[in-house]
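Undergrad: Could you build all of it, start to finish, from the sequences and the hints given here?
Letter by letter, the sequence shown follows residues 0 to 148 in numbering that gives the first Met the number 0.
Bear in mind the hints are in silico, worked out from the structure with no lab data behind them. Being a predicted model, the structure only gives us computed values, none of them experimental. Heads up, some of the hints might be wrong.
Said to hold, decoys possible - As a list, the in silico EDC-like pairs of lysine to aspartate or glutamate whose alpha-carbon atoms are at most 16 Å apart:
hint, residue 1, residue 2
1, K50, E90
2, K102, E73
3, K46, E94
4, K64, E107
5, K50, E94
6, K34, E91
7, K50, E89
8, K64, E54
9, K64, E89
10, K102, D113
11, K102, D53
12, K100, E80
13, K34, E94
14, K46, E73
15, K108, E54
16, K34, E107
17, K64, E76
18, K35, D113
19, K64, D53
20, K108, D53
21, K125, E73
22, K46, E76
23, K35, E107
24, K35, D109
25, K108, E80
26, K46, E91
27, K102, E80
28, K64, E90
29, K50, E91
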Amino acid sequence: MTKTTLKTISFVCLVIAFVSGFIFLMTFMSNQSAKKIIDQGQYITVKIVNKYIDEQKRPNKAPYKTYHLVLLPEGMENIKENYLWAGVFEEEYAELNLNQKLKAWILEKDIVLDYGEQNAGSESVKYFIIFIISSIILIAVRIKLKRIT
Numbered sequence: 000m001t002k003t004t005l006k007t008i009s010f011v012c013l014v015i016a017f018v019s020g021f022i023f024l025m026t027f028m029s030n031q032s033a034k035k036i037i038d039q040g041q042y043i044t045v046k047i048v049n050k051y052i053d054e055q056k057r058p059n060k061a062p063y064k065t066y067h068l069v070l071l072p073e074g075m076e077n078i079k080e081n082y083l084w085a086g087v088f089e090e091e092y093a094e095l096n097l098n099q100k101l102k103a104w105i106l107e108k109d110i111v112l113d114y115g116e117q118n119a120g121s122e123s124v125k126y127f128i129i130f131i132i133s134s135i136i137l138i139a140v141r142i143k144l145k146r147i148t
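TA: In structure tokens:
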């Protein structure tokens, strides 16, 4: 391999390591706050009473969309004071329907929806593995570069 190729590989691995490390930290922190709600919260059934998309227009940029569910704990009276709001990813938003029942943990007004195996913890592990692999490749390439020069 040429020196230029190794430098390119090194740069790409560095970018991948940085991005995956950042995403890992974000999902890990999200998982930690969700764990608190799961550990201290109450596991209940909720019903989706409304869905909406909040679109924020930004100058010279694509609009930013956030996806929200309005939930009502089972057995509660259908009044605004009993509603819970949860932000979800676009994929989950598309799959969920009005009046659908879900399991969730609540702690005061904080809520964590139960997605089963696919949660923030499993996502953080995936990005951690990507971070480790790209870091190992980066180190190997840097060693090879030092031997060439």
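Undergrad: Which earlier hints turn out false for this structure, listed by number in ascending order?
TA: Structure breaks hints 4, 6, 11, 12, 13, 15, 17, 20, 21, 27.
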